[in-house]
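Here is what each chain is made of, one letter per residue.
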Amino acid sequence: MFFFKEALRGLRRSTAPALAAMLTVLITALVLGVFIPIVQATMGAASDVRDRVVVDIYVAEGASPAERESAQRAIERTANVRSVEFISKDEALARAREKNPRAFREGSELLGSNPLPASFRIVPDDPTKVGQVVDRLAPKGPEGAREPQLTAIDEVRYREEDTQQILSVTGLVTVVTGGLALLLVVASVALIANTIRLSIFARRREVEVMRLVGATNWFIRWPFMIEGVIVGFTGVALAVVLLTAAKESVLEPLSDRWAFLAAPDTIAYPLLVGLLVLAGVAVSAAGSGLTLRRFLKV
Amino acid sequence: MPVVELEGVTKAYDGGVVGLQRASVSIGRGEFVFLVGPTGCGKSTCIRLLLKELEPSEGEVRIAGKPLSKIPRKRVPMLRRNVGTVFQDYKLLPNRTVYDNVAYSLEVIGEGRDQIRRKVPDILRLVGLSTKLHAYPDQLSGGEQQRVSIARAFVNHPPLLLADEPTGNLDPETSIGIMQLIYRINRTGTTVVVATHDKEMVDKMRRRVVELREGRIVRDQESGLYRPDESTTEFAIRLRGELGIGAEGHPN
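Residue numbers (our numbering), protein chains in the order written: chain A, 1 to 298; chain B, 299 to 550.
Be aware that a few hints might be false.
Okay, derived cross-link-like pairs now, DMTMM-like style, lysine to aspartate or glutamate, Cα gap no bigger than 25 Å in a straight line [to be verified]:
1) K297(A) / E353(B)
2) K129(A) / E155(A)
3) K297(A) / E356(B)
4) K5(A) / E409(B)
5) K350(B) / E208(A)
6) K297(A) / D436(B)
7) K430(B) / E471(B)
8) K372(B) / E351(B)
9) K5(A) / D398(B)
10) K5(A) / D412(B)
11) K297(A) / E471(B)
12) K372(B) / E356(B)
13) K502(B) / D387(B)
14) K5(A) / D436(B)
15) K350(B) / E471(B)
In case anyone wonders, no lab produced these hints; they're calculated from the structure. Remember, predicted model here, so these are calculated numbers, not experimental data.
Make the full structure from the sequences, and use the hints.
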């Protein structure tokens, strides 16, 4: 209680530096609050695209249901396979028809039978390992052609070029946005810590006097750290108010039109707010504590 | 047991400047000692060593028989609570009132609120500032600020009071009041060490004088003068001063 009163006194008597520190916290929290969901959405979009990397395994035309089932089990057991989906001939036709109704309405009648093979669609647990999955199921033969391991399998296919492109582009997007986010966080921490440093530096004589009358280091430190917490908290709180207002008034009406803004992968808003508050308070308090350490020596 | 003991203490600063050289002195309980000498002779070094703000390069500093080198860093605040300090620049907390400045040194030792409410006005009455409890330091004169700092130094009744040029920034009239206050504190049994180059004051008080010159103790004399050999001119100046306004110190 005493420390809290001391902290309030400190804030009252040095309003300008406290205000500067609070403003710094506010602005960085605002920037981070906008940037974190953007990074998240970008990363989410990238990983959505990556999930489209699949392997199709066509079942041989003459394979019996028993053979097919044992093939499915074998595929499921293969390393790096996340999921296997069986697509029967009828389903394949139905899907093809959906994609291209005209061609298939006429085509199937023309052919008299369903030309599409049954297949397994495999999603690898890690898109970059798709090549390995394919190699395991159908290793390359001596002539370079792939030879399926299982008799029930006619052919193993994945769009190698597309896959490579997806992987390299999404990889780049992830690295770049991740790097930017990291830079921004580092810059924010440095900025807040520096502002707090300055405000405490202006009061180092005060600290000197406190030491002289026999105050222990924690006795001196607590009020400063509580001050830091108050400054950090008000800064972030104001930023959250602004962010919420912006979210309600600008983002919500737009999200109907732009799927990106309503991306389901972005961080939950309460969690984002919680994170910002925690970070703002922690950085401010730690900044105060660490800066003081210099004046508390001897 | 002496309250303050320096035994062969040398303090060399970084860069080769010597603050104190093989100084040995022993100050007993209840003594009033002047540390005199020109600027840079080692007076302040001495005071700072006694507060463990500095560590001696050689020798040992003891307070109440306890070597300061044996006090761990964590216990230094405990030492400082038992040593009152008064400085030339007052060292008050600028964002606190007179009352809160004095109360702070009681809050530091965890004194209860009732005790603080009782002791602070008492001590401020003793130093003659009972009407300025809620003034801030920058609203006070130099003499008044120094009185606050003396009140703060003495409010816990420490056994030892150190004063580094307590009258350095004050006019002679105000200085007398301050010295009178310090003297009064000494009379309660507190050991007092005053570093000063206020010659007139030293000569008038006729107390023990330890003279430092370039870091060495060159004289240690009971009831001495600022300079051992007072010239006739100096004598005359002193006499005139004593016959003038300064002879009887003012209560305020």
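### Message
Of the numbered hints stated earlier in the document, which are not met by this structure?
### Response
6, 11, 15
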